[in-house]
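Asker: Model the placement of chain B on the given structure of chain A, informed by the hints.
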Amino acid sequence: MKILVIEDEILIQQSLKKMLEKLGAEVQTASKGLDAIPLIKENKFDRIVCDLMLQDITGFDIIEESKLIYSTEEIAQKFIIITAYSSDQVLTKAKDYGCIVLNKPFANMKSALNIMITGKEVE
Amino acid sequence: MENSSDTSNQKVKYNLSFKLNDNLLDCESLRERLGSFVNFSSAEYQYELISNSLAFKLNSSQDSFSFNTLDDLIQALPFLKETSFKPSFLDIDKSIQRIERLKLKQSTSSSYISKLSELLISTSSLVEFMQSLFQFKDLKSFQTIHLFVHEKGQVNTVHYEIEKSNSRKYSHTISDFSSLFKSIRKSKNRTYGQTSIKGFDLDIIGTFLAHEFPLSNHNIILIISRNDFLPQTKTEVENFSILTKVLSSFIEIKLHHSLVLSKVLNLKSAIHESPFNIYANDECLAEISNSKSNKNSYNHKLPNKSVFQINKSEDSMLDHGDIFHHERVSLLGELLNTLRHELSNPIFGLQLTTQLLLMEQHNEEQEEFLSEVLLSIERSQSILENFTNLYKETNSYEEVDIVKLINEVFTLTKSESRHLRKEILCSTESLTFNTNSTWFAQIIFNLVINSAQASKDNSSARLKVSLEVIDGVLNIDFQDNGPGIKNNSSNEVFKAFYTTKDKGTGLGLAICKSLTSKLNGSIQYLNNDKGAHFLLKLPYENPSN
Numbered sequence: 001m002k003i004l005v006i007e008d009e010i011l012i013q014q015s016l017k018k019m020l021e022k023l024g025a026e027v028q029t030a031s032k033g034l035d036a037i038p039l040i041k042e043n044k045f046d047r048i049v050c051d052l053m054l055q056d057i058t059g060f061d062i063i064e065e066s067k068l069i070y071s072t073e074e075i076a077q078k079f080i081i082i083t084a085y086s087s088d089q090v091l092t093k094a095k096d097y098g099c100i101v102l103n104k105p106f107a108n109m110k111s112a113l114n115i116m117i118t119g120k121e122v123e
Numbered sequence: 001m002e003n004s005s006d007t008s009n010q011k012v013k014y015n016l017s018f019k020l021n022d023n024l025l026d027c028e029s030l031r032e033r034l035g036s037f038v039n040f041s042s043a044e045y046q047y048e049l050i051s052n053s054l055a056f057k058l059n060s061s062q063d064s065f066s067f068n069t070l071d072d073l074i075q076a077l078p079f080l081k082e083t084s085f086k087p088s089f090l091d092i093d094k095s096i097q098r099i100e101r102l103k104l105k106q107s108t109s110s111s112y113i114s115k116l117s118e119l120l121i122s123t124s125s126l127v128e129f130m131q132s133l134f135q136f137k138d139l140k141s142f143q144t145i146h147l148f149v150h151e152k153g154q155v156n157t158v159h160y161e162i163e164k165s166n167s168r169k170y171s172h173t174i175s176d177f178s179s180l181f182k183s184i185r186k187s188k189n190r191t192y193g194q195t196s197i198k199g200f201d202l203d204i205i206g207t208f209l210a211h212e213f214p215l216s217n218h219n220i221i222l223i224i225s226r227n228d229f230l231p232q233t234k235t236e237v238e239n240f241s242i243l244t245k246v247l248s249s250f251i252e253i254k255l256h257h258s259l260v261l262s263k264v265l266n267l268k269s270a271i272h273e274s275p276f277n278i279y280a281n282d283e284c285l286a287e288i289s290n291s292k293s294n295k296n297s298y299n300h301k302l303p304n305k306s307v308f309q310i311n312k313s314e315d316s317m318l319d320h321g322d323i324f325h326h327e328r329v330s331l332l333g334e335l336l337n338t339l340r341h342e343l344s345n346p347i348f349g350l351q352l353t354t355q356l357l358l359m360e361q362h363n364e365e366q367e368e369f370l371s372e373v374l375l376s377i378e379r380s381q382s383i384l385e386n387f388t389n390l391y392k393e394t395n396s397y398e399e400v401d402i403v404k405l406i407n408e409v410f411t412l413t414k415s416e417s418r419h420l421r422k423e424i425l426c427s428t429e430s431l432t433f434n435t436n437s438t439w440f441a442q443i444i445f446n447l448v449i450n451s452a453q454a455s456k457d458n459s460s461a462r463l464k465v466s467l468e469v470i471d472g473v474l475n476i477d478f479q480d481n482g483p484g485i486k487n488n489s490s491n492e493v494f495k496a497f498y499t500t501k502d503k504g505t506g507l508g509l510a511i512c513k514s515l516t517s518k519l520n521g522s523i524q525y526l527n528n529d530k531g532a533h534f535l536l537k538l539p540y541e542n543p544s545n
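Residue numbers (our numbering), protein chains in the order written: chain A, 1 to 123; chain B, 1 to 545.
Here chain A stands alone, though its shape is the one from the complex (with noise of 0.2 Å):
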């Protein structure tokens, strides 16, 4: 399982990684959008869990970006979006690539770890 980490809160993305290495995934991080898009395009990870709010582009541009290597299924199933400002709008965009949307601070962090690894939502 390999996850690429894209969050620009550096405990927010240290943390993260070391709980996703506990849980046996292969975990590489990256703060900004630009430096996420060229390991994206590799295509090597099975997750890629992608802050919104990011300092240089938004994860939305991120997935468009994708685009060009993934199918619409693949980013859906690919991309859990994290972010800490959730308004309707982006709710709306982020339900339009079918990507699950996980608003900060996690109200559960198990499940939200849960998530990440499995890419479902699980009840």
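Among the clues, some could well be false.
As the list claims (entries may be wrong) - Under 7 Å between C-beta atoms, here's a sample of chain A residues computed to sit facing chain B:
#1 Glu9
#2 Leu11
#3 Ile12
#4 Lys18
#5 Met19
#6 Glu64
#7 Lys104
Claimed, not checked - As a list, the in silico BS3-like pairs of lysine-lysine whose alpha-carbon atoms are at most 30 Å apart:
#8 A:Lys18 / A:Lys32
#9 B:Lys169 / A:Lys95
#10 A:Lys95 / B:Lys164
#11 A:Lys95 / B:Lys137
#12 B:Lys245 / B:Lys186
#13 A:Lys95 / B:Lys140
#14 A:Lys17 / A:Lys110
#15 B:Lys137 / B:Lys234
#16 B:Lys234 / A:Lys95
#17 B:Lys186 / A:Lys32
#18 B:Lys234 / A:Lys67
#19 B:Lys182 / A:Lys32
#20 B:Lys234 / B:Lys140
#21 A:Lys95 / A:Lys17
#22 B:Lys140 / A:Lys67
No lab work stands behind these hints: they were computed from the structure. Yeah, the Cβ is synthetic: ideal placement off N, Cα and C, and Gly gets one too.
Answerer: Only chain B this time, still in chain A's reference frame:
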């Protein structure tokens, strides 16, 4: 993330009413002066802005008389009943001529011109005017218009975020505005993405079209966005460029009118909300010229100086509180939203890291520390969450746990009221009711702050809040052991500008009273020698019944 709907603009629309003072009707000299063309008994006037002069209009007849300067109008304002602004056709004609000189693509620009002229007349505010642009065929697919306006000479710029059915208003610094203005001016293709504008958090999703234009009194930036990431087509870019050129003239007219309107409004509120009776002397109506006949044919001077008093109604006090309260809430809301925006991410980082550390092996003491850290973090998160909820600008009623809300307000006033021992006495374990939490919290906030400030030097200061429901009325009793309010009737203390503090504005209790009546309740000051004692009564309906 700002929630303030454009209530200020609604105020502009509906609150313009001026009553002619009864005393004035008896004023012989005024009668003498205006009597030739005004029938006083009808006492209803309107004025219209015709080009740059202002005209009085009588409701009942076609007679109108104009003021050549805004100052003249302002002098006469206290005597006006209703106001309305309509751009004159002359203004529109001038703009059209100016646009025609630009030699734009004929078919597109002429359709814009005719539509915009109509809209200019039919809409009453700038926001409404901009909103009507969504009707345009070329703009149908767009979701949001951002209009940045800098009135030359002002320290702040106004930013309207306009959607089809709502709008928000923000304020930015000039330096933010100019950097945006410059970067748009420099751009060649006129299409933008979120990243093309540096150093300015625009919060626009996806690509957008933008244009900047300098006007005689304002600098303007116009941005339209579909909130998606698809690039704009060439035709869209071309049409937008024509539209902005046509639009700039029309926006100029609209802005000019809102500028005048806001000056008129400021004056109106100054008159209505002044704590003192206002006197206007006879010079205020000294020069009124009749616009129908020759401009200078009526020049009236009063023979003797007389003074008119403008009556102020009791209600004006409440209006005042409203305005201050409105400003305060939107400012607080803005501040808290920014804080939340900036703090929630790093706090979440701390939370994750602490949780991670807790998963590892530690000795008992370290574990205890880490758990404490985590608790503090979670407390910070819930404070952020609660306060942003507390100060969201809504008119909506929701179910509120009263004790919890009062405790939140206590936390909010903590720095001011640290010395004050506060306790809440409630007969039942939990008490919930439907209310507007923002207003309710503001009332409590003001009362707590008052108690705290009055008892600053008292180390045994106490505030007791008792809650009780009696016959469908929620009684909230505030009793402190401070100095109380000396020598005054209970009504007096709620008057705006009534204060006993050195640096008080005298608005706190006026705001309380205004908000209480908005919640269909009442607030009383009870005289008593143990301290200050307020009784707040609100209609109580248990939501679970």
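Asker: Compare the structure with the hints numbered earlier in the document and write down the numbers of the violated ones, lowest to highest.
Answerer: Every hint satisfied by this model.
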